[in-house]
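These protein sequence lines map, in sequence, to chains A and B.
Using our numbering, you'd call the opening residue of the first sequence number 1 and step up by one each time.
Using our numbering, you'd call the opening residue of the second sequence number 1 and step up by one each time.
No lab work stands behind these hints, which were simulated from the structure alone.
Note that this is a predicted model, so its numbers are computed, not measured.
Please note: incorrect hints may appear among the correct ones.
Mimicking DSSO-like on lysine-lysine, the simulated pairs with C-alpha atoms at most 30 Å apart in a straight line are [what the hints assert, rightly or not]:
1. A/K318 <-> B/K102
2. B/K24 <-> A/K318
3. B/K102 <-> A/K298
Ranges between beta-carbon positions, derived for each pair [what the hints assert, rightly or not]:
4. B/G17 <-> A/K409: 47 to 57 Å
5. B/N68 <-> A/R241: 19 to 29 Å
6. A/R439 <-> B/G17: 28 to 38 Å
7. B/A51 <-> A/E287: 52 to 62 Å
8. B/L111 <-> A/S443: 48 to 58 Å
9. B/R57 <-> A/E287: 50 to 60 Å
10. B/L111 <-> A/S230: 54 to 64 Å
11. B/Q128 <-> A/R433: 45 to 55 Å
12. A/I252 <-> B/G17: 51 to 61 Å
13. B/N68 <-> A/K409: 45 to 55 Å
14. B/R80 <-> A/E303: 46 to 56 Å
15. B/R57 <-> A/R439: 55 to 65 Å
Glycine included, C-beta positions come from ideal geometry on N, C-alpha and C.
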Amino acid sequence: MMTRQRRANRVIFLAVAAGFVMLAVAAVAVVWSFMRSQDYSDLVSHTIEVEAAVGDLNRLNERVEVARRGYLLEGDPRFLQTFERTAAEIPLQIERIAGLTADNRSQVERLIRFRNVTQQYLTLVRNSIADKQAGGTGISGASLLDEEDIAVVQELRDISDAMAIEERRLLVVREAAASRSVYLSTVVAIAAAILLVVVAAGTIWATRRTLRALTTTGVQLQDLNDDLESAVAERTSELQRANAEIQRFAYIVSHDLRSPLVNVMGFTAELDAAIKPLNALIDKVEEVAPEIVSDETKYAVREDLPEAIGFIRTSTEKMDRLINAILRLSREGRRVLAPEAVDMNALVSGIVDSLQHRVDELGVTVETEPVPTVVSDRLAVEQIVSNLVENAIKYLKRDRPGRITIRGKKANGRVLVEVEDNGRGIDPKDHERIFDLFRRSGSQDQPGEGIGLAHVRALAYRLGGTITCESVLDQGAIFRLSLPTALAPQQGSNT
Amino acid sequence: MSSHQTVNIVMIEDDEGHARLIEKNIRRAGVNNPIRHFLEGTAALHYLFDAPDGPARNGPALVLLDLNLPDMSGIDILQRMKASDSPLKRTPVVVLTTTDDKVEIERCYDLGANVYITKPVNYETFAQAIRQLGLFLSVIQVPEPEVD
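Throw the hints in and build the complete structure from the sequences for me.
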């Protein structure tokens, strides 16, 4: 479901992004087509300008012709002035057209021809004028003119007409292009507008969908959270109940076991006390009448009875110690923990001091490295560390000088306390077992009931911690106690 | 000690072995007062309050009380005896039990128990404690019950 949601989100995101990209493209297209239609209208006006310029040139040529004819007929020098002024304008106008049509090769060619023919024509005109000024009739000139002149003027007209036609053609083409461009711009703009609407609608839809999904998720999360909290609370109270039950059970059992034990021990003592008068009797009988007491009787009173009583005694004493251990564990489990900032360095040195006598006796080197302060139950922490150090001293290897190191560090919000020794070590298969009640490992040459580490583990668990062992047989052991940096205050049950 | 001769010791103890050991050690301490032993609470209450030869009607008494009884808790007996309208409210009660729970001890004293002794499991200690209790009993002054 999560991956589907993620895929849908990615599709929406891509769609919206694509919409915006398309929008940007549309905007660029609109600008581009606008600029193109601008170009086309520029071209159209350019064509119109060229056409007008060609018209002007024709007009100038006509005027030259009119001025010459006027002069030839009338001889009025004002015609000559007009002729000269107009003739001077013609090259300028030709140059202007040349400037405007520099991009059109056919027009340029026509213009060159036009220029040459104009030159020829003007020369002819000037000749006829010079002839007239020289006093001639100018008729010969006129007749000459009529022959050559008509051809030249006709050619000029043809050329300028061709130029005008060319420009007209260009105008038609360019106007069509311009209107096509405007049409295209309009289409692109409309498409962009539609796209904008679609993208906007899509974006709004996607956003609303996302928001709705977000709200739903938030509500679900809240529900889940509530559920989880109540589930945790429920489970915690169940666990507390179960724990209290076990504690109560341990307490009752150990108490009820004690009652018969009092009897066993009491009457064993009574038996033991009864042996004394019996012994005295045997002694007396042996002295007075040794024949009435058999060896069997003597053996029973002097050997069997004390031996049996001795075994009963040691067994009941051991049983008593075990029961007491269970009782102590259950009582420890019922004690309300009082978290406080515990100066671990002071605590460790206090423990080492209290064991100094045995440390000196056995020639053990105890090294203490700094241990971070922890907020926890002082008594419980002290019992744990003290147990570990006592064990380290207790299970040293006789053939090498003992070395015990106590160190600590902070890691992942927990405080790690290590007690390392170079003692006899623990077989890895026993690493779990040693923490069980009444279970021990290795050669049983030291007194103990297998209670200490069970106690340590129970305490560590109560403090929200763990205890682990790392060891190889004959190579020493490291016991690691991991405690939360701060133990939350708790309401312990006192039942 | 003539005034003490009449004081009856009422022992309410469900474990016969314990009762026997307690009796033996009290006797060893030189206390010879009559001891009445009850194995369960109902009969003990009946004797304490209603029996013609019981302490409420006849003479001073001292009660040795175990808390773990099969039919009721010793606390109930203590409560009945120490109630303000009880004829036995001044009768000394020695709670002698295996329970060493702090709360239980406080509760017994709150209810008016005179002495609270936890039975030691170690027999030597147990015997010693009971003998000392016997010595204590031999010097203690016990009031007459209020006879209405």
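Quiz item: Has the given pair, A/K318 with B/K102, been kept, meaning a C-alpha gap of at most 30 Å?
Solution: Between A/K318 and B/K102 the Cα gap is close to 25 Å, so the pair holds against 30 Å.
Quiz item: B/R80 and A/E303, beta-carbon distance inside 46 to 56 Å?
Solution: Since B/R80 and A/E303 have Cβ atoms about 53 Å apart, the given range 46 to 56 Å holds.
Quiz item: B/Q128 and A/R433, beta-carbon distance inside 45 to 55 Å?
Solution: Given range 45 to 55 Å: violated, Cβ gap about 40 Å.
Practice problem: With 52 to 62 Å as the target window, see if B/A51 and A/E287 comply at their CB atoms. | Solution: holds (53 Å)
Quiz item: Cβ-Cβ distance between B/R57 and A/E287: within 50 to 60 Å?
Solution: holds (57 Å)
Practice problem: For B/L111 and A/S230, compare the CB-CB distance with the range 54 to 64 Å and indicate the outcome. | Solution: Hint violated: Cβ distance 41 Å, outside 54 to 64 Å.
Quiz item: Taking the beta carbons of A/R439 and B/G17, is their distance inside 28 to 38 Å?
Solution: Because 32 Å falls inside the window, the suggested range holds.
Quiz item: Honestly, do A/I252 and B/G17 meet the 51 to 61 Å range at C-beta?
Solution: Taking Cβ atoms as reference, A/I252 and B/G17 lie about 20 Å apart, which means the hint is violated.
Quiz item: Should the hint that B/N68 and A/R241 are 19 to 29 Å apart at their CB atoms be regarded as holding?
Solution: Given a distance of about 24 Å, which is inside 19 to 29 Å, the answer is holds.
Practice problem: Would you check the hint for B/K24 and A/K318, treating anything up to 30 Å between C-alpha atoms as holding? | Solution: Satisfied, since the Cα-Cα distance of roughly 26 Å is no more than 30 Å.
Practice problem: Indicate whether the distance between the beta carbons of B/L111 and A/S443 respects the range 48 to 58 Å. | Solution: holds (53 Å)
Self-check item: Pairwise hint evaluation, A/K298 against B/K102, where the allowed Cα distance is 30 Å at most
Solution: violated (50 Å)
Taken one by one, the earlier hints fail for this structure at numbers 3, 10, 11, 12, listed in ascending order.
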